[in-house]
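Chemist: What follows is each chain in one-letter form.
2 protein chains.
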Amino acid sequence: MEKTNIAIVGLGTVGTGVAKLLLDHGDRTSRHAGRTLWLKKAVVRDLAKHRDVDLPAGVATDSLEDVINDPEISVVAQLIGGLEPARSIMLRLLESGKDIVTANKALLAEHGPELFTRARELGRSIAFEASVAGGIPIIANVSQCLSANQIRSLEGILNGTSNFIVTQMDEKGAPYDVVVRKAQELGYAEADPTMDVDGTDAAQKLAILAHLAFGATVDWSDIPRMGIDGLDPDDLRYSRQLGYRIKLLALANLADDGLELSVAPTLVRIGTPLAEVRDAFNAIRVVGDAVGPVFYHGLGAGQMPTASAVVADLIDTAVGRTRLTFQTLEYFSIDNPPRAKLRDADTLVGRNYFRLSVANHPGTLASITSVLAKHKISIASVMQHEGENGSTHLDPVPLVIMTHEATEGAARAATQEIESLDSITGPVVRLRVKD
Amino acid sequence: MEKTNIAIVGLGTVGTGVAKLLLDHGDRTSRHAGRTLWLKKAVVRDLAKHRDVDLPAGVATDSLEDVINDPEISVVAQLIGGLEPARSIMLRLLESGKDIVTANKALLAEHGPELFTRARELGRSIAFEASVAGGIPIIANVSQCLSANQIRSLEGILNGTSNFIVTQMDEKGAPYDVVVRKAQELGYAEADPTMDVDGTDAAQKLAILAHLAFGATVDWSDIPRMGIDGLDPDDLRYSRQLGYRIKLLALANLADDGLELSVAPTLVRIGTPLAEVRDAFNAIRVVGDAVGPVFYHGLGAGQMPTASAVVADLIDTAVGRTRLTFQTLEYFSIDNPPRAKLRDADTLVGRNYFRLSVANHPGTLASITSVLAKHKISIASVMQHEGENGSTHLDPVPLVIMTHEATEGAARAATQEIESLDSITGPVVRLRVKD
Ligand SMILES: NC(=O)c1ccc[n+]([C@@H]2O[C@H](COP(=O)([O-])OP(=O)(O)OC[C@H]3O[C@@H](n4cnc5c(N)ncnc54)[C@H](OP(=O)(O)O)[C@@H]3O)[C@@H](O)[C@H]2O)c1
Ligand SMILES: NC(=O)c1ccc[n+]([C@@H]2O[C@H](COP(=O)([O-])OP(=O)(O)OC[C@H]3O[C@@H](n4cnc5c(N)ncnc54)[C@H](OP(=O)(O)O)[C@@H]3O)[C@@H](O)[C@H]2O)c1
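Chains P and F, in that order, give the protein sequences. According to my numbering, the first sequence is numbered sequentially starting from 1. According to my numbering, the second sequence is numbered sequentially starting from 1.
Note that these hints are calculated values from the structure, not bench results. The reader is advised that the hints may include incorrect statements.
It does not matter which identical chain is used: a pair holds within one copy or between any two.
[To be verified] The calculated lysine to aspartate or glutamate pairs, modelled on EDC-like cross-linking and capped at a C-alpha distance of 20 Å, are: (1) K376 <-> D256; (2) K20 <-> D52; (3) K341 <-> D27.
Extracted from the complex, chain P is given alone in its bound form (with noise of 0.2 Å):
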């Protein structure tokens, strides 16, 4: 049987997971690839640190040299995070005739276009299965597998990170410290969850998204994104009473003057399967315009769920599939004007959930219900407590409206306005609400 060669660069995570699939399962690699997919070389950093794989002799390295220099050496899976020296070894890869595999999604929202345009120079390819969404095979679904559609729009829970912690504060009523601490000890966030929490992940991997789905060349940090790591308990509190459960979205959605993209916590009704996902898990409901509403759902991190995509890419490189696809998609290519361009953010279109602490005295209902009026934001409903026990009639209680559909200027210069009120006490919290 024909062989391809295959090199590893980076042994982290995932880097591991993908040596162990093809160490342990060389049989289903190559029915699958019609050719042996053969581990030569991984590159780590330090030869003397533990991997929880065991490499056969010779295939340890610690120079990047012994890949580039090896014309055998076909097909890399480039497994380093971040973007330096990611980016650089991505590129000496190219140019030393390798195909690319990767799980960077960092480096590919920031590094894209030149990365891509480098390669398809050289004529090389870059697969990037894992980048989005782990076990999750959205990247072939929505460019392959979807490809008569016009994709109308993308709803996706692209963190896992931060869904388990929203999962763990709504289910165990546990505060956001605590459940950090614990994603941490569970191996589900790294020690700077920052990138996480914040909302940046999610943008990342929706540019990506909106790139294959929409042709739009978006960079990720213009995508409006808020995180959970200001989420409030009592938010996800009411939003149960409410029917709802709070998830980090992102959201695509083409409309005729433009594309729609953002990150945020929205409100998502109970029993609708995006309300439903749990912990790790990821989802994407994809609606095409021939093919109606997909929806996938499987683990979106982790060593093996990501190491699967991982070696799903390694075989379609080794059997010339990508190269092919690569070349026919002109993924993120320079030369192509976009085909969709960001909608101003002003003229959307939602639901609102806002909750505020206001002053518990007569009128104050009267003056918010009042702002909103005037920017044409109906109420859809009012839920007002009492107090905490203890507190006196003085004390401030927190309110919580559901809206109409409202523009998100309007919902924007009503909070403005409403934080302006005497009656109201703190900032004003606003979450979107999906239907």
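Put chain F with the ligands on the given structure of chain P with help from the hints.
Modeler: Here is chain F with the ligands on its own, set in the frame of chain P:
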């Protein structure tokens, strides 16, 4: 831009949808294929019959020879249903050098090995995404996206017509016959819906998936199957009281001693994703050893969802990806020994739902439970209802028993023995329960 000439053979529901996508959305097909997909011919039986699509002059023909003898046509969407003339036409198309895309699962389930072997001999390919689960791209997902996995199990609602009927019976309490007529009016069920409702269609799809996922070479007719045609509304009602819905579930489960395959109405716990699949939707839950569980949900049939799958296959075929996949994977090769054998059905273990009609006198329950005990089947719950209004204490009453896990052999033997008890006044209904 280069162009690939396409023909459609059979301009019925699906064929018309494919023609619409090719004619109305050339931009998106060419963007994904890197070439124009040009609909050159559409073969119909009756040129005078009205079609719901405007074909350009010269495209419609009633002569298959116009396709066979046109060397410029390289890819054909073969969208005639049934076995003949579909089989002979497909062989002739392959022999005249065409690559084939088809949605005909009956044909593949019956003549797959012959057709695939012939295609391989001739250096041609057959793509068949649309043959299983309509708009859900399960073929590509199982055979490519999850290729790094040993699939462990696969559970699906694969027949939209049956699911529509069961959903309507369950939610509206309507009797079987009424709902079947409604399904026919809505175009979900054919004039003769036998293959849909008796489990044949789901078994044919399961045979295809079992081949892709497990390398099993099974005749669909060897798959133990039961349809929804005999389903009694009482069982839907009692199941719901117990916290379950009944779904026509196709199941594949790999164990050390072989592969379990079956199609049967099954009690699925309310709130789990499969239980919430409504009307004409399909869903599939796949468990891979690396990726874990992945769940897919989408429209299982209908003109445009199915056409979406056919056109994605046309694009993959025009780009050349299908040929690479087809050559490597050796679908349905008579040379490849099957990798998984069917398990002896009697050794399968599962829970059971029994509904009996019992004489309302002392000792009845004791005689039934002692039969179960004899076969080592322990009881999880018993529900005995009073007779209907107006019945006397002598009339038979329904008795519902949920069991813990037992082998299929024991459950079958117990069923026979219970049926022969004097106190049992009718056939025993036994349904599978999924945990
Ligand atoms: N973990 C997941 O579930 C997951 C899911 C989807 C995508 N991803 C992406 O996959 C990539 C890898 O993630 P990970 O979780 O595997 O990260 P990780 O565990 O931190 O592993 C990264 C590895 O890269 C190595 N490395 C860094 N610089 C190197 C260099 N110059 N030469 C050789 N090796 C170098 C590190 O070596 P040391 O061991 O010496 O530090 C480490 O082993 C990231 O882009 C991440 O975003 C991860
Ligand atoms: N409909 C769905 O939702 C769906 C979903 C998945 C898969 N499928 C599969 O797709 C295939 C087509 O289904 P469909 O729903 O489109 O069926 P359909 O509406 O009955 O269409 C079949 C077409 O084939 C034509 N035909 C039959 N023999 C022919 C011949 N010798 N030459 C030319 N045309 C011939 C028929 O012509 P006339 O018009 O002259 O009768 C009819 O238009 C079937 O295998 C079905 O199982 C269908």
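Chemist: Could you run down the list of hints and mark each one as holding or not?
Modeler: Now for the hints, and whether the structure bears them out:
no.	hint	in the structure
1	K376 <-> D256	neither (23 Å within a copy, 65 Å between copies)
2	K20 <-> D52	within (9 Å within a copy, 53 Å between copies)
3	K341 <-> D27	between (46 Å within a copy, 18 Å between copies)
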